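S.K.: Each chain, letter by letter, is given below.
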Amino acid sequence: MWRYLVPVLIFGAIAAVLAGGLHLKPGCIPSPLIGKPAPVFTLVKVEDPTQQISNRDFIGHKYLINVWGTWCIACRQEHEALLQIAKQAVIPIIGIDTKDDMPSAQRWLSQLGNPYVATGFDPDGRTGIDYGVYGAPETFLVDEHGTVIYKYVGEITDTVWRDSFLPRINNTGNIKDREGTTCS
Amino acid sequence: MSVELGHFALILAFALAITQAFFGLAGAATRREHWMMAARSAVAGQLVFVLFSFGCLTAAFLRNDFSVLYVAENSNTELPTFYRIAAVWGAHEGSLLLWLSILVVWSAAVSVFNRAMNPAFISKVLGVLGLVSGGFALFIIATSNPFERLIPSVVQGRDLNPLLQDPALAAHPPMLYTGYVGLAVPFACAVAALIEGKLDATWARWTKPWAMVSWIFLTCGIALGSFWAYYELGWGGWWFWDPVENASFMPWLMSTALIHSLSVTEKRGLFKSWTALLAIFAFSLSLLGTFLVRSGVLVSVHAFASDPSRGLFILVFLLACIGGALTLFAWRAPALKSSAGFHVISRESFLLMNNVLLVGAATIVLLGTLSPLIIDFLGLGKISVGTPWFDRFFLFPMLPMLLLLAVGMHANWKQAQLAKMRKPLLMMSGIALAFALLITLVVYSHVSILNIVGETMGALIILSSLYEPFTRWRAKHHLPRAMWGMCLAHLGLGVFVLGVTTVRSYEIQKDLSLGSGKIVEVGGYDFNWTNTRQVRGPNYDATEAEVHILRDGREITVLHPQKRIYHTQTNPMTEAGIDSHLNRDLMVSMGDDLGNGMWSVRLQYRPLIRFIWLGALIMAIGGLIAVLDRRYRVKVPATELAANASTAAARS
Amino acid sequence: MFMSLIRILLLSFLLCRAAWAIDSAPAFDDPQLQARYENLTQQLRCPQCQNDSIADSNAPLAVDLRRELRDQIASGKSDAEVLKFLTDRYGAFILFKPPFEARTMFLWLGPGILLLGGLAIAVRIILQRAKLPIEPDSNQETESEHA
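Residue numbers (our numbering), protein chains in the order written: chain A, 1 to 184; chain B, 1 to 652; chain C, 1 to 147.
Simulated from the structure, these hints should not be mistaken for laboratory data.
Any given hint could turn out to be false.
Derived BS3-like pairs: lysine-lysine, alpha-carbon spacing no greater than 25 Å straight-line [stated by the list, open to error]: (1) A:Lys99 x C:Lys131; (2) B:Lys382 x C:Lys84; (3) C:Lys77 x A:Lys36; (4) A:Lys62 x A:Lys45; (5) C:Lys131 x A:Lys36.
Since the model is a prediction, treat every value here as computed from it, not as a measurement.
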């Protein structure tokens, strides 16, 4: 009579998946870049359009890449936290201003403060696509060898910085989330 | 004040639902007649309080009471009255209240139309329905209270989502929910039968109309949703295999299987445990749909504002309802034995195949819908499953099913004499194939194997459905309504298949930029864009274009597509201009203003697309005629009733 | 606050579908390239408006990805190369038709196995029932043979 048990067993399995699903984020795309070399970009600097910024110059250092735009509401909310992080001088932050126009970006940085060592200007979003960006703000952590080790999608807050970024930057191994990509 | 009364009425309704569940189940178990009567009174009370509560919320919408959070978020003083009523179910909280109201109406119907069944059985059915409505009432009260106040109040509401401001979409949720929720009745019947350990032909005959009426509403609801997507979204798509669409489609497939299986149980007393299982599955899938829409576990456009606590609540409810019913099934179903046989070629065999294929189809849709979740759950990353996968795998069960249907319609119970059908069937197949070749080669002059197969199937099913009525009419035999209904519903399926095949194979879609005086040809029609002007609606402003459509230089019609900006929720909306004909739709949708009087525009030619909804409508009408068959209204002879009652009493 | 955030999110999804795309870029001169382009854009999921294909979405990212596809097809890349470019950046998530891999095996083989299994069970039941005696009807109605 075991076959009469089949439906309830199948239902049990589905219910387990559904219960697990409550804590998952269906729209969060894990970055295939984790563990791979960070795509190289050379872009015009927002701070000084006569100069260029390339992440090639940062090999040998850990650094952050923060993708933002003046059209992005969450980026504005994140900005204060980024300024605080920059003040701690733990790690350089490279900005990528994507799908934007130059005057708005320059106004943004001069009015709100500039947490970036330099900001690359990516008006057509090609660098964004190379990094698999789908919702600004997004932040990538790159290690000394130029390998992407972590991606955070969404607004960085103090808690996120303390729990997800600092342990990875300092190699304390005390990381709460083991995933290579986290979404807020 | 009436808002608080509405809330209070809801709490009373919850208490009554629990009363109904207790007295219904315990009354039947202990054979206390006054307890069973109490369950019926509780249904009546619950009906009054739930409808009162629903009325209070509607009143809050009608008088623009923005001190109610739900009203403030979904209405606006500019919103036309009709949509203010539709806005009651425009978002999560109110739509749940609609769900509950419909369930209570169904319960009341069960407590009234039940002369054919013994009171103890009805009492159990009402008890199970009480558990379901109690669960939903608690869900609303605990996690989704539509009567929550907004303090301080606001002067203006945020308006109903413009996408929902459409007559078809206003009617779509009540229709769909009536179908969804109606499946609770066969579910409760199955559970009651399992408790009694007795499931016979009388049970099947009584349960079938409930299942069929739900199925009719589901059919109409899904078709209406698809029709809405087609013209309101404005881009010509009519089915997207979106998780929420799948959530409505799976119960439909399952209830279709259920209706067919109920026929076998009614006529031959066979497939008893299978029928009970299908009744449980059908309602389980409709609850699962509720979970998927409201828990946020899947990405979907239709998803309501999701909240993990709501998801958790529904999950617990699912576990109790479905887990309980399936456990009961595992325990009691082995007792539901039947010893009757049938020939290899018989109506029973065909219906069993139909069931396997329909349940298979539903399982495939479920597999595709849940697989991103399963893979994520197992820590294997993220994948997407969309149209390309569904389109391919849905055909696996459907093609054999259509073929078996064309033949199986002519099979008799017990043993079919298909030999005498060989000649007519071969002839009809020949005609269908000739028709398909004619369509592909002559009308559209473009050939694909799948298209020929599809057109042949569609035509064959239509011919096959007409055969029996035709021969009986020629022989001047009487045709019972159930038979009429069946033939008509199958004919509807044939029409649907023709529509889907043709539109998939021969639709033409062109994206281009248009300006005044430019003429473009699509599918043999010339689209002449003359000018644009500004128009003003009750709560929106729009740019309206004028497009003249010509065939062979002669003007057929003028279309007026619009690009609307609603005042409150300022997102742009496209109102397509559609010229519909039975044989084709022409559609013009406006994209963006490109400057210099130029617009990006999508022009479409969709042959036979109306057949898709026409087919669904014919199916529903077929179901309606079948449900009006005399045998569902005939009173069961008193002796049989007494026999039922005594066996039931002996069992319990 | 939490709820309002979710509502914004929800609204943005609805917005996605409200603002469906009309491809304003000119079509390829070569109808074969155009067909490849249309087919590819329909098979790819827009990472931003996740319910829509890249063909249907009007999200800025979908517009950019369409441009990328167009450029790559025009420069002579094969469909496989274009798809690899995208999955290297967005993962298998971007494919509406999941790739054939170990983890997706059940999606590709499951339906067939399921149906064959179901049909096998049905055939077994039919053969068993065919051996049983056909009993008289459990109900005595004669008004219709069918239905």
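S.K.: Against this structure, judge whether each hint is valid.
M.R.: Each hint, compared with the structure:
1. A:Lys99 x C:Lys131: Measuring from Cα to Cα gives roughly 73 Å; hence the hint is violated.
2. B:Lys382 x C:Lys84: holds (16 Å)
3. C:Lys77 x A:Lys36: Holds, at about 23 Å.
4. A:Lys62 x A:Lys45: Judged against 25 Å, a Cα distance of about 20 Å means the pair holds.
5. C:Lys131 x A:Lys36: Roughly 65 Å separates the two Cα atoms, so the pair is violated.
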